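Those sequence lines, one after another, are chains A and B. The working numbering puts the first residue of the first sequence at 20, with every later residue one more than the last. The working numbering puts the first residue of the second sequence at 108, with every later residue one more than the last.
Among the hints, erroneous ones may be present.
Reference listing, derived: stretches of chain B covered by chain A, where coverage requires no fewer than 3 residues with Cβ under 8 Å from a Cβ of chain A [what the hints assert, rightly or not]: (1) 123-132; (2) 162-172; (3) 180-192.
Stretch-level coverage of chain A by chain B, calculated; a stretch enters the list once three of its residues show a Cβ under 8 Å from a Cβ in chain B [unchecked claim]: (4) 164-170; (5) 239-247; (6) 250-257.
It should be emphasised that the hints constitute simulated quantities derived from the structure, not laboratory data. Just so we're clear, the structure is a prediction, and the values are computed from it rather than from any experiment. Even glycine gets a Cβ: it sits at the ideal position worked out from N, Cα and C.
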Amino acid sequence: MAKKRKLGRGVAVVGGGLTKLGLFKDRNSKDFFSEAYMEMVESVDKGLDPIDIDAIYIGNFTNDFFVNQAHWAPIISDLVGHVPKPVTRTEGACASSALAFREGVFAIASGFYDVVLVGGLEQMSKCSTEEVAEGLAMAASPYEVAAGFTFPGVFGTIATAYFARYGATREALFDVTIKSHTNAPLNPKAQFPMTIRDFMNARIGRCRQKGEPVPNWKDEKDFLRDPVVNPPIAWPMHLFDCCPISDGAACLLLVAEDIAKRFTDNPIYVAGIGQGSGYSLHAKKDLTSFEATRAAAQEAYEMSGLKPEDIQFSEVHDCFSMAEILHVEDLGFFKPGQGYKAIGEGQTRLDGPKPINTSGGLKTKGHPVGATGVAQLYEVWVQLTGRAGKRQVPKPNLRVGGAHNLGGTGGTCTFTILERR
Amino acid sequence: MNDKPFNDHSYEEFLNEWKIMGSKCKKCGALSLPPRPICVSCFGSQMEWVQFRGDGKLAAFSSIFVAPPPMAKEGFGRNNPYIVGVVELPEGVKVVARITGVDAKKPDQIKVGTPLQAEFLQRGEGPSKQTILAFKP
């Protein structure tokens with residue numbers, strides 16, 4: 020029986036910042052982090068004196084590879100005037116900054132610090148697509164890489180196992196993609212703020228302009244079935260199943276619960292926090308589930324005393340459409356084998372009973388890998404503080420949201436529950 | 108063969124001899140492929156070598172159309188996709204491998220559950236010799 024874990028003292032989120040995501044070849048990681056940082060400072064209702072920040076935890080996966088520069092902690096410290104106070108970099112592949120958040124929470128919960136900045140950054144646009152793929156593959160297992168797997172290939176493989184077990188087809192993936200792209204235009208920071216219908220219209224417009232035959236798709240799914248516009252990457256993963264390459268940074272200001280009201284009248288509290296590790300593909304008992312997600316979720320649920328049905332909305336790590344289906348099952352929102360049906364029924368739409376990826380998710384918002392964990396928690400904070408604008412979850416008394424972050428091929432997963440009291 | 112360490116290097120050396128070798132925990136009998144020095148079922152560290160028969164069935168797969176640089180060098184890519192998969196062995200473990208002898212351009216015709224037989228793809232010669240585990244119907 021696992022020990023029921025509690026934080027030594029409560030921790031609250033009182034500010035946040037996230038860059039507009041996309042590809043910005045004329046800017047670098049420092050520019051991204053300063054953009055997120057300045058938004059965070061502005062967002063603290065009652066003001067923040069940056070001198071009060073005791074420590075910084077910063078997630079970055081592999082700028083070492085992407086821009087040939089390691090040791091980002093002192094660079095960030097220098098950037099925001101934090102020298103000589105401590106900055107620590109965390110790495111957990113695509114879950115790097117969720118680990119920074121977690122370390123920041125523990126640092127405050129232990130009583131050691133009162134005010135901690137947590138964040139993440141990644142700069143991917145300096146590399147070619149092939150180079151990015153090579154860099155990301157460093158987070159897969161050596162056995163997978165040796166056999167010729169790519170990241171889309173791992174999730175494509177998982178998809179065939181899921182399809183064979185539960186009778187789903189590729190059409191189920193379309194429901195995820197269409198839903199994510201429906202939320203995208205509502206998020207001003209999204210890299211692709213377009214619905215699938217927008218992509219269709221853009222393509223039709225280009226064909227007309229060039230005098231080429233105009234495609235005659237009957238609906239969004241018909242568009243996604245067309246290999247000309249949606250070619251296979253790692254079958255059954257196609258282009259529109261895969262998140263983009265992105266630059267960006269995100270940060271959140273964490274403070275001890277007992278001083279939170281000094282910063283805002285509306286602190287968002289850390290209700291539960293969990294982290295797990297997982298086997299690579301060949302050693303997994305179940306190819307249709309991530310044990311790391313299940314362990315992280317169990318820890319977060321036990322700590323918070325909340326159940327999956329209490330989570331009113333959640334960000335989940337949709338690096339690939341298939342991943343989102345597994346996550347909503349592993350997090351307990353839907354039973355194994357039922358996730359794709361629930362998504363198909365619209366249950367995870369913004370106006371559905373369990374909105375998933377209100378931000379548009381990694382697929383449309385963008386996935387600067389080391390920034391993603393905190394960017395997801397930023398979305399939850401934005402929703403719970405009522406700052407989400409057009410994508411605000413339309414529920415009365417929105418109080419509890421979750422963020423699930425996955426690193427590598429499920430090797431590191433986190434689940435964090437934030438709560439407005 | 109018994110004095111080889113239970114690690115990736117030994118596994119690769121055995122592949123070069125066209126043998127699929129894993130470890131068996133002497134304490135609890137758990138099998139591992141590739142071999143492990145520490146049993147993840149009982150934490151035992153006394154291992155013995157086990158040779159796997161080399162047959163299995165396809166548990167899951169993907170057809171890769173966008174190839175990583177090492178595979179692109181072998182000529183794979185958009186017009187020449189290749190298949191990778193997870194193969195379930197009758198001994199009760201799974202392994203990731205290249206899947207050959209199927210049409211990677213028609214992945215929708217490949218069935219999970221297909222019986223497979225191991226084959227060994229050799230790359231390079233001498234000290235740089237590398238053997239890639241593959242399975243075919």
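Results for each hint:
1. Chain A is given as covering the stretch 123-132 of chain B, and this is violated because 0 residues of the stretch bring a CB closer than 8 Å to a CB of that chain, at least three being needed.
2. Given as covered by chain A, the stretch 162-172 of chain B passes the check, having 7 residues with a CB less than 8 Å from a CB of that chain where 3 are the minimum.
3. Restraint check on the stretch 180-192 of chain B versus chain A: 6 residues with Cβ-Cβ distances below 8 Å, three needed, restraint holds.
4. Given as covered by chain B, the stretch 164-170 of chain A passes the check, having 6 residues with a CB less than 8 Å from a CB of that chain where 3 are the minimum.
5. Proximity of the stretch 239-247 of chain A to chain B, defined as three or more residues with a beta carbon under 8 Å from a beta carbon of that chain, is not established by the 0 residues found.
6. Judged by the Cβ-Cβ criterion of 8 Å, the stretch 250-257 of chain A is covered by chain B as claimed, because 7 of its residues qualify and three suffice.
Consistency note: the structure conflicts with the earlier hints numbered 1, 5.
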